[in-house]
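4 protein chains.
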Amino acid sequence: MTPDYQLIEIQTLASGDTLQIPVYTFQGKTGNKKAYIQANLHGAEIVGNAVIYELITFLNSLNSDEVQGEIVLIPMCNPTGVNQRNLFFSTGRYSPYDGNNWNRIFWDYSHENVNIDDFVRKNINLSKQEIQANFLKDILNKFQEKLDKINPYRGVSFSEDYRNILQSLSLNANYVIDIHSSSVSSIDYLYCFDYRQKSADYFLLDYGILMNKYDGNAFDEAFLNPWLVLEKKLSQARRNITFDVEAWTLELGSGMKVNEESVKKGFKGIINYLSAKKMLNLELITPEQKTKLIPKNTIKSYYAPQGGIIRHRLKEGTKIQRGDVLYNILSFLKTSITPTIIEIESADEGIIYDVSTNDTVNQGEYILGIFPHG
Amino acid sequence: MTPDYQLIEIQTLASGDTLQIPVYTFQGKTGNKKAYIQANLHGAEIVGNAVIYELITFLNSLNSDEVQGEIVLIPMCNPTGVNQRNLFFSTGRYSPYDGNNWNRIFWDYSHENVNIDDFVRKNINLSKQEIQANFLKDILNKFQEKLDKINPYRGVSFSEDYRNILQSLSLNANYVIDIHSSSVSSIDYLYCFDYRQKSADYFLLDYGILMNKYDGNAFDEAFLNPWLVLEKKLSQARRNITFDVEAWTLELGSGMKVNEESVKKGFKGIINYLSAKKMLNLELITPEQKTKLIPKNTIKSYYAPQGGIIRHRLKEGTKIQRGDVLYNILSFLKTSITPTIIEIESADEGIIYDVSTNDTVNQGEYILGIFPHG
Amino acid sequence: MTPDYQLIEIQTLASGDTLQIPVYTFQGKTGNKKAYIQANLHGAEIVGNAVIYELITFLNSLNSDEVQGEIVLIPMCNPTGVNQRNLFFSTGRYSPYDGNNWNRIFWDYSHENVNIDDFVRKNINLSKQEIQANFLKDILNKFQEKLDKINPYRGVSFSEDYRNILQSLSLNANYVIDIHSSSVSSIDYLYCFDYRQKSADYFLLDYGILMNKYDGNAFDEAFLNPWLVLEKKLSQARRNITFDVEAWTLELGSGMKVNEESVKKGFKGIINYLSAKKMLNLELITPEQKTKLIPKNTIKSYYAPQGGIIRHRLKEGTKIQRGDVLYNILSFLKTSITPTIIEIESADEGIIYDVSTNDTVNQGEYILGIFPHG
Amino acid sequence: MTPDYQLIEIQTLASGDTLQIPVYTFQGKTGNKKAYIQANLHGAEIVGNAVIYELITFLNSLNSDEVQGEIVLIPMCNPTGVNQRNLFFSTGRYSPYDGNNWNRIFWDYSHENVNIDDFVRKNINLSKQEIQANFLKDILNKFQEKLDKINPYRGVSFSEDYRNILQSLSLNANYVIDIHSSSVSSIDYLYCFDYRQKSADYFLLDYGILMNKYDGNAFDEAFLNPWLVLEKKLSQARRNITFDVEAWTLELGSGMKVNEESVKKGFKGIINYLSAKKMLNLELITPEQKTKLIPKNTIKSYYAPQGGIIRHRLKEGTKIQRGDVLYNILSFLKTSITPTIIEIESADEGIIYDVSTNDTVNQGEYILGIFPHG
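Chains as they are written, first to last, in the numbering used here: chain V, -6 to 367; chain B, -6 to 367; chain F, -6 to 367; chain G, -6 to 367.
There could be a bad hint or two in this list.
Each pair of labels, with its calculated beta carbon distance range [said to hold, decoys possible]: (1) B:K142 to V:L55: 32 to 40 Å; (2) B:E254 to V:N205: 32 to 40 Å; (3) F:T279 to B:E254: 37 to 45 Å; (4) B:G310 to F:H366: 52 to 60 Å; (5) G:P145 to B:P288: 23 to 31 Å; (6) V:I330 to F:H366: 50 to 58 Å; (7) B:K135 to V:N106: 30 to 38 Å.
Treat the hints as calculated values from the structure; they're not laboratory data. Virtual Cβ for every residue (Gly too), placed ideally from N, Cα, C.
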């Protein structure tokens, strides 16, 4: 089957050139669920483009009766981010225009002045499908209302315009998968929301971070949070529903890298997930082991206690015990005649999941992160 | 009187050099209130250093019995920010290390898991002074508790370390004044919190923004917000108190500029404010007119509807009517053979309070802001 | 008359989007000279786009018999440069990829291993027109030879590819005009090459810098230098020729600004120049005064002797005497308890022609420039 | 033996803080030669700091009679460069103030308006030692003359001030070693000047680039070039002398990395070189194989022929034949519905010596470099 291909304009540049995003849509013969998969929201996190390329190639090889519903794929979803450079470094993590983290700009319906309690009262006795449809309608109406309010003279900031484009393509999806990588050097893992732990295993990854603490307005969170709020309020009203709506962020390896192992894992995991969700008629791979989920608020981050040069830093994936030497700092402090070396020990037991790719630090720069008891 | 002078180390750099902040403290013979004044939290917003220089010079000329309490002055309060360059541009608005806006990193006691209701119950019958003292003690204890929890091996991010230093110097103040300027080209104005409108006029500025909407974790807000929360809860418990605690952000002119008019206004306003607060034994200037306060959520921002070159943009301070032409965009869109000029009309009546200093824009970049009915 | 309009692709971006430059060509009914005019080679120097817009509008209003030869106009000639941002600052003075100054990358035929002495021997007895034609042929052949050598697998750096595109459009011109502005805040002036002083006045500007010292590989210089080398060698062989080939860089006002006065001056000067060169059948304006040419190696630059805040800096256009106070630095040096103010006096008599737009400096940053005896 | 330790101030910052460089001097009991070794001129090239640390530790363990002459060591020789960040990337390759490549700013005596022919005439009959002493005196006098001409009001740009400091410490050395690394990912190699090939082997590295083509004003080149010019002119006057003056740039591994293997190689090579030069009384290691020197103008660089994502790129150190696939580009060009993969074959036989560390490219970005026949 061949996808529908659409180019959506996202920005005219000062020069008069235009940036666009490509949208590949595979439409199954039957089924009405929707999966939305994007890659490269942060400029340096490019690996997902290769995953999407493999997905397109694979889906091209299927017949349309092997796909249920609609699968939307957006590689290179942030041209501004991926094209940005300082020397050869990919520095497109933040908007150059307003400093916003590209993954903290999204609209969360539940942050609007809306009365979800009222919605619950009115819908409590309807079927799960009806409630899901009605709530989606409310979300889309409110979203449209906000679009309609944009004054053509005032315009909108690029961050807002851009988020509106991505969310207009994804708000009505059932499954949202946002493929990132670490910005530094990292193992593969995913972000999992509370009440969606059961599906995490389908991605066949060893580790996940359980989102028990939100930064706010991330793409996955802005999509799923309203549904989680609704589920909670329904539950308080003694109606326990888990809607067929999920959001995932995959972290596949390191920034500025296309690690082919990570590409394979990402591809395999997504295919398996879509099969589990009955959007692909493929045999499901039963995970050999459960994805170990680490509560976000328990993750330990290490920062340089002083400026200098890092030596002998342990690598991502290393299991460590309390007291193990994680790294050394060699400093030529101007207050000391002799250069000094400080050994930094681990205050934690666990697994190192990511490490900074720069071996020189100013005080307070990031060194590495640990999944405790990982 | 001469101030106490102290240097506080804030960061050792990779090179082994050290950044410090200077703290000037003028201690009056009597009085126990504290005013804390800092400048240059954002790298480009340098004007406040000149204001503080004028304040130091002026306070030097007073006797210690002309000052009541303690006045703490920190110019160049963010060395990392002010030293940062891209070409000759001051780009230090965000931390280069983690992308955080330097003025969105501060700790807000009321965001902690603390039971203010319980505090209200226990303190409701005490005097205003006692309540203020007890609440301050709780804030400082919680702050210290967080400092104590920092593991020396894990360290802390520079953003967190830096905020801890500034807040350790200011959390126990009565009056906090954070001198900024616009990052672009701007008139002089201030930010005023709800329930503090009465004091705004003492600064003798024409305009202010009324903070009816928070971004979160700004320096002024993180300082005052816990007190506003407490006041609200006391009020709900039928005890109406306005504590002798205030926070102000002054916006004195434009980024990368020391406008001497703005320096004079800032100096005069602060002296007058401190006199009004009885920290200086000087004659109070009665404001000729009240500071016009514009609710933050009513401010109108204009963004470029397409990329190109800005011509004939109106200047900050211009009064405008709906339909007035605010600016033109000259575009050489690659989709059009002939270059185009678009006239952008105002959708609002009011006063232009700031305008971008760059006459070229990509779509969605900031153009200007309007105080409606200003 | 309407121009021919052509879009030339200059770069495919990581995202798959494409940057192009627009080429407007006005072809007169008769005449075979060529003028080539471009704008915005440095990202922040946008004013020339407005000048070219005014030129297009004006030429549109002429009949094709009012134009002799070919006038080629390229606004927004460097999309990479003009679109680049750090916050709202236009930082596109250097290539983000290799750090090259966009105006130091151009190919200079005379730097090739070519035997111009031999050319002189063979052509010494030909007419001026024949020599000019033969030398141009040699330049274009060598240029083509270099293009032909590019291996498709090895590719070329973007700097090289880009210069090839601009030079393929301009090497065969008679008159090259490259419209810049100062990157800081500046009066209007031009750059004039030796032996071309006579034509400078036609641009009707008060000041010019006489290029008696080259940086190397600037656009204007790379174009004209081979001709100047040839003229010198012919002169040594007792044949004095000034070829009908000229190159000019106009500096119209300040960076990031479209100063409408500068636009008018630039437009008027170029029209007058083209009239003087008989490419436009318009009445020539006789300059009221000659352009004062300042030898490049006599210009005086002032740099901050220490870090701090600049106050009371004189403005561009100010006439100054030796000993005049140019500016003050307010410093909060950590080695001094009291802040210090240093007055910097002028070591020169002349006119201030540009000043930095940032009022804060690290030691060694640029403050202002003086045309001595200007 | 313990070194003399000196801190030299290089810049006061806007904030009032100061940057310094540390100078470690080991003075042997006897001998009058001088070796000057610095590290980290480019911000990302940090490995040399670890090499210098190992050298300091080693020299500390020697007695002063084991050292002949003076060994000067400057780690962290460019604080501005090493401290600079964009996110966690070390972007300090160019001065943020003027865009100059930190290693293209140095003063070359032979570029001055000096008459070396005259020097040759006057010195031709003196001994090698006398000529060397006289020429050094001329260099130092001219250098001092330039310093004396600096007007305190005009000041100098930071680039010039900084170069003056480093060159005042090194111009009178016999041996200059500047420890860099590649800015990307690279094997270890060195830069060798013509007529100094014999000494290259002492560094015990497999590869070197023979400097048959100069960029101009690099640290090593600015130091050695005047001597090479003198040697050439003496040779033309039939006096063949190789002065006891050498300059080396070592490239030890990759940017932002302290590869411990590279540290060991660098340390071992420098110790061996100093032994060969009789500055250390240690047994000389005879190189097992000669350093293979690749003429600079034969090196092949590969640049992306279009924008996209790099996959399957060969690694540094790989031997390749003509026709081998070097890498693939995956592109989502907006002009093509289906994503495309291009295989790039090698046009050269040799060894890949460095590769870019970013797997995403805009057209014209660097991919890798090949030492042909390496």
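Status of the hints after comparison with the structure:
1. For K142 of chain B paired with L55 of chain V, a C-beta distance near 54 Å fails the hint of 32 to 40 Å.
2. Against the hinted window of 32 to 40 Å, the Cβ-Cβ separation of E254 of chain B and N205 of chain V comes to about 52 Å, which falls outside the hint.
3. Between T279 of chain F and E254 of chain B the beta carbons are some 43 Å apart, a value that agrees with the proposed interval 37 to 45 Å.
4. Remark: the range hint 52 to 60 Å for G310 of chain B to H366 of chain F is contradicted by a beta-carbon distance near 39 Å.
5. At about 53 Å, the beta-carbon gap between P145 of chain G and P288 of chain B misses the expected band of 23 to 31 Å.
6. Separation of I330 of chain V from H366 of chain F is about 52 Å and conforms to the stated range, judged on CB atoms against 50 to 58 Å.
7. Between K135 of chain B and N106 of chain V the CB atoms are about 31 Å apart, so this pair conforms to the stated range of 30 to 38 Å.
Hints 1, 2, 4 and 5 from the earlier list are contradicted by this structure; the remaining hints agree with it.
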